[in-house]
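> The residues making up each chain are set out below.
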Amino acid sequence: MPENLLLIVVFLPLIGSLFVAASHNDADGTSRNATAVSVWVICCNILLILRLFSSLDIDLNSLQMISQMSWSVAPGGILSFGTDVLSLMIILSIHIALLMGIFGLKDVTGNQKGILFLNLLFLTTTTGFFMAADLFTFYMFFVLMIVPLFMEIGLCSGAGKKTASRFFLYNALGTLLLLMPVAAIYAMQNVVIYIENISDIRLPDNSGVFIWSGMFLAFILRLPVWPFHYWISSVNTVLKNPLVFTGVNLMPISGLYGFIRFWPAVLPEEIAALVPVFEILCVMTMLYLAFSGYSSAGLRDKLFSYIFIYYLLYLLGVFSPTDVLKQNIAYSLFAFLLVASGMIMIVFHVDKESEKLQNSANGILCLQPKAAFSYALLILAGVGFPVSALFWNNFIIVSEILNANVCIGTIAVFTMLLAAVFLLQNLYDLRDKSCLLQGQEKIYDIDNLRFAAGTIVMMVLFLSFIKPLWFVY
Amino acid sequence: MIVNVVISLLILGALSLWKIRQRYNNIFVSGSFLFVAGLLIYFIQSWQTGMESSFFMLWDSSASGDIKIAINSTLQNYRIVFPFFMIAVVALFNNLVFRYEKKKKAFSTLVIFILTSFIMLISGDNFVQIITCVFVIDILSQMLIQDVHASRRYGIYNLVADMGLFLVFALMRGSLNNLNMDTLTQYYDTVKYKDLIAAIMLVSLAIKFGFFVFHSYLLDLKSAKFHRLVLIPYLSTPMVALILFIKMRMFLAESHTFYLVFNILLGMTILWGAAGAAVIRGLKEKSVYFSMMIVALLVKLSEENGFVWNLSFSWLLICGFLFNICIYYLHYYANRENNLALLFRRQRKISLALYAVCVVAIFLMMAFSVCLAGFYSADTALWIYGFALLFLPTAANMFLQTIKNVEQNTDVLSAQTVDRRPLPMLLLIVSLSAAAVCLNDASWYPAIAAGGLFVVLMWIRPQRWLIKDSLCEKMQNADFFSGGYNIIIARPIKFIGRVLTLLVDFVFFERTLVSTVMLSAGIVVRGFRQINREGVLRSVLFVFAAFLILAIYFLRSRV
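Protein chains in written order, with our numbering: chain A, 1 to 473; chain B, 1 to 559.
Treat the hints as calculated values from the structure; they're not laboratory data. Bear in mind that the values here come from a model prediction, so they are computed numbers and not experimental data. Positions of the beta carbon are idealized from the N, C-alpha and C atoms, including for glycine. Watch out, some of these pointers could steer you wrong.
Taking CB as the label site, the calculated pair distances span [claimed, not checked]:
#1 B:M57 <-> A:P369: 50 to 56 angstroms
#2 B:H256 <-> A:Q358: 36 to 42 angstroms
#3 B:V203 <-> A:A273: 33 to 39 angstroms
#4 A:I280 <-> B:S61: 32 to 38 angstroms
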């Protein structure tokens, strides 16, 4: 039964997307039907994921509830799905993040139905990716997940062809780079390869570097570490749709997840010498992001910098020579994605309303008490105050990074500090009443639905602070 | 036992989150004061029994280790908790009698939660519990300050300090692979990165204490309400720093430079505090400068006393807080005017109230001196005498200058009767001062000497000749340290960020890399188009190319 549930969770959004495609727009051009279908599908899936959690042995550190679908194209003729605490936590947080993104769509005009349709497709592919149990399924969803997002960026968000093509080219390059090692491994082994066994595979001496480099580059292109960061920073600056922005910022988790699954605790000789280089590249990117986030005036730019600093922190955690961090990364990432998606929802609203102001957005939160409350709480959680699971799991992650390399760890904490400072400064600026001019156009607060969503997210975060898996019985 | 107190306070705090009608607020505030005062009595009774116990609760466990909530009821913890408990009770009573606080219930709730966090910080023995309590006290203090301008730099400075502590604790946890502070002795043996830890701890503690160079965020508190401001130095971040300093003392001792720099900072803080308290005209700013002086002295005395927290130390802390309350009531009866230069004449009765505050201050000075005498030794003599030399004339000048300015101004405004509500508070200060004198087994001579000297100094006011008006004028709005912070830290970071964005993203990627790729792709496409056009020469070229490939293939296969 739980095995079937797994397949339902993967493919329910796909079925939902068909309903969205078939739905009619309202007379005024809005897509309430499509929105309702999307919200209900995601809510149902969240309930199913919670049900899956209760069937899971949370102490077991391997993929469980393995279910298989026959498909003649796949090696061995099957697609395998399975899950564990890490993947379920990520899937749950992605569902909640996309739900928040849908709530944020209220401020956006344009082809909402198209966005919602593609969004459910994206949800199917990401869920499939994080539940993939064998290498082929993993690779297939790794490739598939870029398609709906590419279409969202290009067709629906007004970001322009140039941005969409840049997004596609970088990600397509990543998929090609992953194709080579995947094909090579299948050619060598000729059996179904489960991803949790990937680090146990014995590779011939001369092919190790080739295979590991391909995997590394493929995942790093998704994350993206300097000098591969440009595609995502250029895409993020032009996106004006909170749902697409959320999706684009969720994509890098696929790279991070790839590293978590494939990065062996005991490193093969071929890549062991390169680890310090990877780590230096990571902290260089973190520094770059922290400085640019601090100097930038835009809300979304700051948010983008903040999100990627934390992704890279988790990547450093994965690189550290210990296996115990997987659980902490899962808990922290869960809280982090909730915080980030809540912030995206509010920032896009504040950004839109601030266009009505004559000079800057400073002081705007004084006119939006509900947004101010939610945003302040989310920032407190986001900068690492003890109101969510982010706090002490990050403490553990940072302590392991420091244990492995003090310099890298210290720079990582410095970048976290800079990110926290620029977010906090931004919050104070937005709440500074003295910057507001009289006679401004009417500024609207977030509606009750978004306020309720923000409050629920905060409650979930706080409960996760007390006990990360509070919803598991 | 301390755990019972914590549970009771948490229940009270949780109850106070319940929203009630405005008219019942006073009942709640009175009830919460009585309840906490009752808890204080229970706390003292438990302390006197001398029983020690420990309470543990598993918060969470993971592969990285168990996180426990520990509340240890040891005699040392009782001694440390006592002054904060007393300060919280006095603050709750002050809230009860104070008429200008609109959110009395919220204020009481915050004080209750801050006290609870303090107790958990003091009695905690693992890194996560301690750092959590530090962060929680910071958040609650920000809520206590309430004002956005006042809390802006307060929040950012404390965040920097907290992240420093976070880094130090994470470093220790990483090395020890254990979250418990008991294992610190192992770390003490190996002492890895001792200078790094000492440097980070020094900056973090200096920020939290509000020491010289790092104190400018405390001056921003002038935008906050006065009765909230007086609580910050004694029930907030500076005291968190004091507790952390005591908990971490053994590591810091390993670094030779730490105590040298730390003591220089202490001395400079006392000097700068005295200068600021003497020169600046705002009573709120004076209160901050006096607190800087007192906190710095307390830290020095604690250090010289081998970090033993005795009763005299507790009463010294309480007296410091009561002195702040006295400044507040000076401000209150001076028509709540912050700037001493702008005080205007009120009717005679108000001056009488101001005189009453001065008398209370004399009692307080006596209590302060008795507590201080408990720490007198050859090592501390210089610090104690130096402090007294700076503190007494400055404080005396402030009290009498307020009265003089009120009386000398000829503008007569409408009469107003004396507000009698604060009088019980002044009586409480006198009672607590008397308790401080009686409970300390020290001689009465310091009390008589300090009281007498204070009266004489109020009469002479030596600072009126020492401090020139022109100097005062220049110093009023000068903020050297925030300017330095901008020049040394904020602007360079912004500059680097902008240069990096411009250089890396725009120049390197957009203009160089992407443009080169696009250009190369264009050249290739154009080249292929050219080749694929109709023409005899191109056909010959293609045929020649095909033959070339065949020839190469043929030659390679032969080899």
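> It remains to establish, for every hint, whether it holds in the given structure.
Results of checking the hints against the structure:
1. B:M57 <-> A:P369: 50 to 56 angstroms: Violated: the Cβ-Cβ distance is about 37 angstroms, outside 50 to 56 angstroms.
2. B:H256 <-> A:Q358: 36 to 42 angstroms: Roughly 58 angstroms apart at Cβ, these two residues miss the hinted range, so it is violated.
3. B:V203 <-> A:A273: 33 to 39 angstroms: Holds, at about 36 angstroms.
4. A:I280 <-> B:S61: 32 to 38 angstroms: Roughly 34 angstroms apart at Cβ, these two residues keep to the hinted range, so it holds.
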